[in-house]
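For the record, the sequence lines run as chains A and B. Positions 12 to 123 (the numbering used here) are the ones given, in order, by the first sequence. Positions 35 to 148 (the numbering used here) are the ones given, in order, by the second sequence.
The set of hints was computed from the structure by calculation and includes no laboratory data. Remember, predicted model here, so these are calculated numbers, not experimental data. Some hints here could point you the wrong way.
Pairs of lysine to any residue, SDA-like flavour, derived with a Cα cap of 25 Å [said to hold, decoys possible]:
no.: 1; chain 1: A; residue 1: K53; chain 2: B; residue 2: Y44
no.: 2; chain 1: B; residue 1: K78; chain 2: A; residue 2: F57
no.: 3; chain 1: A; residue 1: K122; chain 2: A; residue 2: V73
no.: 4; chain 1: A; residue 1: K53; chain 2: B; residue 2: A39
no.: 5; chain 1: A; residue 1: K53; chain 2: B; residue 2: S100
Selected chain B positions facing chain A (in silico; Cβ < 10 Å) [said to hold, decoys possible]:
no.: 6; residue: V38
no.: 7; residue: D90
no.: 8; residue: L125
no.: 9; residue: C126
no.: 10; residue: G142
no.: 11; residue: W144
no.: 12; residue: V147
All C-beta atoms, glycine included, are put in the ideal place defined by N, C-alpha and C.
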Amino acid sequence: GESVGLHLPTLSVQEGDNSIINCAYSNSASDYFIWYKQESGKGPQFIIDIRSNMDKRQGQRVTVLLNKTVKHLSLQIAATQPGDSAVYFCAETLNQGGKLIFGQGTELSVKP
Amino acid sequence: EAGVAQSPRYKIIEKRQSVAFWCNPISGHATLYWYQQILGQGPKLLIQFQNNGVVDDSQLPKDRFSAERLKGVDSTLKIQPAKLEDSAVYLCASTPGNSGNTIYFGEGSWLTVV
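This is chain B alone, in the form it adopts within the complex (with noise of 0.2 Å):
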């Protein structure tokens, strides 16, 4: 089975451009997270989409900070414009449903502002 397929794997942006990271979840399944992981800490959930609508983003920091789940499949998340403190890994991660099931991770998108 594939996994969760995220893209691109690195980018290196100036502070105030923008940049957009693409996540595909595994096949079928209905949830889809957007986590922000910051060296040497745990992931920190930004988005969390229920198809294509959103069930939890009340840590996303939406004046710079944009996601999509258009079909209910793929997402992209947006990040216009980056701060120096954006730096991080972008996490997507899946689940069949909103309960009882496993949430599995992409290998994620390696952001440096710069």
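Okay, chain A solo, but in the shape it has when bound (with noise of 0.2 Å):
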């Protein structure tokens, strides 16, 4: 179904420590996944993805994992800076470039 959570999760981690921000997809069929960061007052920036074909993909200072047995995604940001701040979405879509469905969110806290 449709993200319609009204109170975002909050994750605090210390600056410097990794971070994992979790999220839970709602269709088994859908086959690309993407991590949004969204900070206050701007549009969702993209992160990374990953196809369904994959279970791990790497970036710079994140990583995806995807977990299709039970339908779980998840995001971790090594070495956490301040930048990292915001609230991060993961979103589902079928045939890939289609419709995106946005995940509840978690916002994320650096303390420095």
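Reassemble the complex: the two chains are provided individually, in unrelated frames, and hints are given to aid placement.
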């Protein structure tokens, strides 16, 4: 179904620690997943994506893990920095560039 | 490369008034989306265009919302008449094609209906 959450989960971490943000997606037929970062007053910014034929993908300081068995995505951020503070959304889609369905979002707060 | 451009960034109107938002996608992007994001929630798709044709408008409240992309480039989203619950950020996004490509978002148009 569609994202309907009103209260964002919050993750608070110390600067330099690793962060793990989790997401449960809704459609077992989804074949493409994206993590977005949204800072206050801005639009969602692409971080990393993964296709359903993979279970792990690494970027610069970020890693996405996909577990299709339990419909779970996670975003790992290494050496978290204050600039990483934002709301993070996972999104799923069928046929990759089609309709994106967003998850609830998690607010990451990084303490200096 | 220029990103997705949207205007106006902020708009405050009274209920029952009308408002229009404009979007210029990334150059060459055939697919354009309008999303509505209510505070504290993830974006929700309103309408998807492929060039100047509508691909999906199943969640567009057609009694008050309309959108067009006449020449397959820029797009406008209109709300008439506005309701209090339309207060949200309206995000435009684009992608080169209908499959296999990342979707990029603009900064959004923030609407407050009072």
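Next item on the list: Report the numbers of all earlier hints that the structure fails to satisfy, in ascending order.
Entry: 12
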